[in-house]
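Asker: One-letter residues, chain by chain:
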Amino acid sequence: MREFGYRRAVDVPGAVALLGADPEARYLGGGTNLVDLMKTGVERPGLLVDVRELPLDRVETTADGGLRIGSTVTNSDLAADPEVRRRYPALAQAVLAGASGQLRNMATVGGNLLQRTRCGYFADPARPCNKRVPGSGCPAITGEHRNHAILGASEHCVAVHPSDMGVALAAFDAVVSYEAADGPGELAFKDFYLPVGESPHRETALPPGALITAVTLPPAPVAATSRYRKVRERASYAFAIGSIAAALDVRDEAVREVRLAFGAVASRPWRARTAERVLTGGPATAEAFAAAADAELAAAEPLPDNGYKVTLMRNLVVALLIELTEEASR
Amino acid sequence: MAPSTSSAITLTVNGEKHTLPVDHRTTLLDALRDRLDLTGTKKGCDQGQCGACTVLIDGRRAVSCLQLAVAAEGREITTIEGVAQDGQLHPVQQAFLDLDGYQCGYCTPGQICSAIAVIQEHAAGWPSAATADVRPAAGVPALTADEIRERMSGNLCRCGAYVSIVRAVARAAEPAQAPPGTADASVGPAGSGVAA
Amino acid sequence: MTTTTGTLTTAGSVGSAHVRVEGRAKVTGAARYAADLPFAELAHGWMVLSTVARGRVRSVESAPVLAMPGVLTVLHHGNAPRVDGDYVGTLGRPDPIVACFQDDHIPCAGWPVALVVAQTPEQAREAAEALAVRYDEESHDVAFYAGRPGTYTPENSPMLQAETLKGDLEAELAASAVVVDAEYTTPQEHHHTLEPHAATARWEDGRLEVVDSNQGSMWVADELAKLFSLDPASVRVRSEHVGGGFGSKGVRPHQVCAVMAATVLHRPVRVVLTRRQMFTAVGYRSPTAQRVRLGADADGRLRVLDHQAQNLTSRVYEFVEQSASIGRVMYDADAHHTVHRVVPLDVATPTWMRAPGEAPGSFALESALDELAEKCGVDPIVLRSRNEPVSGPVSGLPFSSRNVLACFREGARRFGWADRDPRPGLRREGRWLLGTGTAAATYPSGAAPSTAAVTAEADGTFTVRIAAADIGTGARTALTLIAADALEVRPDRVRVRIADSDFGPAMIAGGSMGTRSWGWAVMTAVDELQGQLALGGDIPPEGITVRSDTSAAVAALAAKERHSFGAQFAEVAVDTSSGEVRVRRMLGIFAAGRIVNPLTARSQFVGGMTWGISMALHEEAVRDQASGSHVSADLAGYHFAANADVPLVEADWVDDPDADDPVGIKGIGEIGIVGAAAAIANAVWHATGVRHRHLPIRPDRVLLSGSRDIASG
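Chains as they are written, first to last, in my numbering: chain A, 87 to 416; chain B, 2 to 197; chain C, 559 to 1271.
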């Protein structure tokens, strides 16, 4: 870990100004990912701008009935928030499925969106990695990739995004607000993460130096009947090998509205819009759920050792949607 | 001009203020151990992947290995050394001692700090990943063995003392009565071997 | 004053529950582990390990690093003090990895190539990261699989019986009504003690002092003396509290580096391994590929037991994981064959890890027994009772005691085994398929020579000094109880001091032999002390001290098959649509000698069984074939059970005192893991109808194998 400067920001414009145009500067939130990456030598910032004390730590109801979540709200506070739990239960479940109680107390919503992949090659500076060192290669494609992407990857990178929270945010059409040197801006969640393509090191559409200030969830009555399910290689305190956020509104045995997003299958939380289209207006049956999952996963391009994820995600779609259908009928 | 890479900071630990210069790279864990000689907080992985370094920051549990010391200035830090009051063990400490909630003892300070927070988090009504229904209308879940297991999962124990740890947390949380799912897992009469 | 023993009528302390004597220190954070003791002028060493899997160090570019803030020295093969790595220690020759920086040769990824020492750990870490090491890389081969080229059968030695054979395997196979022939694999597993290896070395008044975390302070002191060609009396190693060992804490590169740097810099130096470094610097359990062939009559009586086990080792040291040994104890057969084979690859040297041999071996053999039970249509416990040998199947020697069937009887009763429908794939609860399984357990019981000193103090208390180690076993407390009973006093009048090489030779904490070996030495010393005290007279201010040495008594033990035994039971739930496996409950009943402290013994058994859960479902180090090094070498990538993975695990025991031991001890450290993974795998079969012969039973494996629909055939 190289030596670095440290500044504690007290307001948003001040934070953005402190970071300035310094390419070696980083915002420090909870530090649960950044400090780890600094210890392994993946990140070597020259300046940290601590944003944890910025007044962005509130969860508020918006005028239209949605929720605005400040970017320094901790994962714990987000998951404990009664409005989140009542209106977007899958979001609370997703957050609670991630990391540990200690880490959730430290980690922030803004940092969660920006966390880096857990690909073992990315984490080891002795190995090539196009995400860490552009152009150096991707050893995962021919090497260890049991927990790598089946959707949306490229020949340059097959890493997956590790966030649980982000999967629920994708399902609920979150909007990311930020402050940049030239003022505030916002990005729809679908536009927030960039396609992998030839530049896996460029992960988000945030302008350089921008600070995430909030995540806004538009009102979504369907979200009140939602769940998050995560499969991992031990029962807790592990990253997903496959996860799913689902929300379902069923009337008269037909799907009126459905939201589906997958985790641990792509470089970003994966909104399953194809499956949603296939399902909407159709019957709420196991056969229809399976057909929708198949439609979504038709685009999957598994590697030799991660084809199980196709089966896993198909099964999870069916299982979770059946659960939600049963819940709706109670 | 390059920014300074060290700062003089004041850390508040177990109610006591300590002023010391720190390299910005110094984690709270290393500051506690190497600078303040508070070595009860342990370093297991130094990456937030084991929980051995758990302390309470402003009353909430956190892994001190990922907390930069300089960023902890102004916050109230409680370590294992600050848990007992006036020589009287905290109920969680007493339960770990009585029920053998450890073996080598290395993860123990982190387990105990974590358990203290788990009991508080549960009392505050926080759900967990073991909670069947997180919606507020479902009410606060009982602190069952499964809830304790999930909530304590951020503290790895390599000796495999989890079974006793769960009993200890249950006992400390409700001294009068063990929660459902732990009663039949009681230690039983000590030494109850049976004839061959 | 005059002190006598036996003046108090005391209930026996041995056999009743006592909290750990150091428990209060452990729950308050007061217990100081190796990296916890403060030293004035302490410098911090950071190891640099090779990033290539085979080749030579071309250069270590120290100059820029030496100019960095706080850097004191960079040690490497060009400037490090010379050591002698050719010695023979207590357990044979050392793994050459401990002879750090003696040449430019690199036999594996993660081999020590330099040590950077600086004023602060932050400076040392950054300098170590910045240190440029250039390599001449050679092609490597790290691919381990059954029967691969280069595999050979090692020579027999005092610590290894490579192969045993009796009878005609092929003839008996041909005559068998039922045959099981299956291959099993277990992956590379790591000890990952929660406390990383740490040592602080300094020279004090002409003596080398090392504060360490190890499983035997005398052992480490002896090896360091040999490595550095020092008078053994001039080396002192202490290791008061140890955050887990499991076989990994002997002499390792960190102590050697600390001694080298302290010698060069003339100040105390601490070297602590990082979690990542622990993947290559401290040993691990080799992956295994095992073939088991069982041939039996229709009623399950064995005609053939053939267990062929293969493991890997490094190219610089032959380590054999003796997985096939378990069959030499557990079951007889008309034709009986066991063999260990090993293949050297460009990897670090494996070593002992909790229940070495028996842990992976029991997975294969006890899974195969379950397959045989299925094929014969015989209950798995009945099958084992039909194959209970009267004497050692290979040695012919009598068993000191063998209460495995008593364990099965008691376990079956408490687990509810009698109600079990043996057919697989029938029980469903929501998305979960349920099943139960069982397996036998065994581990050798032994004793090794030890010395102890017991002092009758002038104040009426007693002090025991013995170079034992308490790595979480409860040994310190057990020895206190043993001494108290022998002295016929309450335990609070006995102070047991351990883990100091100045206390003299003693067995290490390993092989489930520590407490038995040390307890024997303590008993012997107390015996003699009581003789002296019986003569009467005053206790002088320095007390009366008696020393014991059990070498002769241990050597006089008659040759017998001496083992602990047990029966493991597990219930699992399997979701074949997600691949998740959850253990719901476990029960282990053990016949493992006299239990000294039921409170801590139960923790030992349950801890071993918890390791079995990890072994069955989680643990696996992943090696990148292209680079020869580990991928995701951290505790987020290498999983062992978290709290949520561990359900109700119960352990208990049947009476089984060892008549040849003064206390009746057999040893309990390893046996809890033996058979546990097999019981879980057998339960997964019972739940799903699918045999899982490759560990760990990961979600992807369960998903891809699914379940056999029994009802539709």
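Worth flagging that the hints you see were computed from the coordinates, not collected in a lab. Quick caveat, the model's predicted, so the values are computed rather than measured. Worth double-checking, as some hints may not be accurate.
Take a look, some chain B residues computed to stay more than 12 Å from chain C by CB distance [to be verified]:
id, residue
1, 27
2, 36
3, 75
4, 91
5, 98
6, 102
7, 131
8, 134
9, 136
Covered, in the sense of this in silico footprint (three residues per stretch, anywhere, with C-beta under 8 Å from a C-beta of chain A), are these stretches of chain C [to be verified]:
id, region
10, 1091-1105
11, 1128-1142
12, 1179-1186
Counterexamples of contact, computed for chain A against chain B with all Cβ distances above 10 Å [claimed, not checked]:
id, residue
13, 261
14, 337
15, 385
A virtual CB, placed ideally from N, CA and C, is assigned to each residue, including glycine.
Asker: If a hint holds in the structure, say so; if it doesn't, say that too.
Answerer: Hints, one by one, checked against the model:
Distance check for residue 27 of chain B against chain C: the nearest CB is about 6 Å away, which does not clear 12 Å, and the non-interface claim fails. Distance to chain C contradicts residue 36 of chain B as a non-interface residue, since its nearest Cβ pair spans about 10 Å, not more than 12 Å. Against the 12 Å criterion, residue 75 of chain B stays outside the reach of chain C, whose nearest CB is about 22 Å from its own CB. The Cβ of residue 91 of chain B does not lie farther than 12 Å from every Cβ of chain C; its closest approach is about 9 Å, which violates its non-interface assignment.
The beta carbon of residue 98 of chain B is not kept farther than 12 Å from every beta carbon of chain C, the shortest such distance being approximately 5 Å. The beta carbon of residue 102 of chain B sits about 8 Å from the closest Cβ of chain C, which is not more than 12 Å, so the claim that it is off the interface is violated. At the 12 Å boundary, the C-beta of residue 131 of chain B falls inside the reach of chain C, the nearest C-beta of that chain being 7 Å off. With a least beta-carbon separation of about 16 Å from chain C, residue 134 of chain B lies farther than 12 Å from that chain, consistent with its non-interface assignment.
Distance check on residue 136 of chain B: its Cβ is at least 21 Å (rounded) from any Cβ of chain C, clearing the 12 Å threshold; non-interface status holds. Under a criterion of three residues with beta carbons nearer than 8 Å to beta carbons of chain A, the stated coverage of the region 1091-1105 of chain C fails, only 0 such residues being counted. Judged by the Cβ-Cβ criterion of 8 Å, the region 1128-1142 of chain C is covered by chain A as claimed, because 5 of its residues qualify and three suffice. Evaluation of the coverage hint for the region 1179-1186 of chain C: fulfilled, as 5 residues show C-beta separations to chain A shorter than 8 Å, against a requirement of three.
Look at residue 261 of chain A: its CB is around 23 Å from the nearest CB on chain B, clear of 10 Å, so calling it non-interface holds up. Its beta-carbon lying about 21 Å from the closest one in chain B, residue 337 of chain A satisfies the requirement of being farther than 10 Å from that chain. With 10 Å as the threshold on Cβ separation, the claim that residue 385 of chain A sits away from chain B holds: the shortest Cβ distance comes to roughly 30 Å.
Of the numbered hints given earlier, the model fails hints 1, 2, 4, 5, 6, 7 and 10; all others are met.
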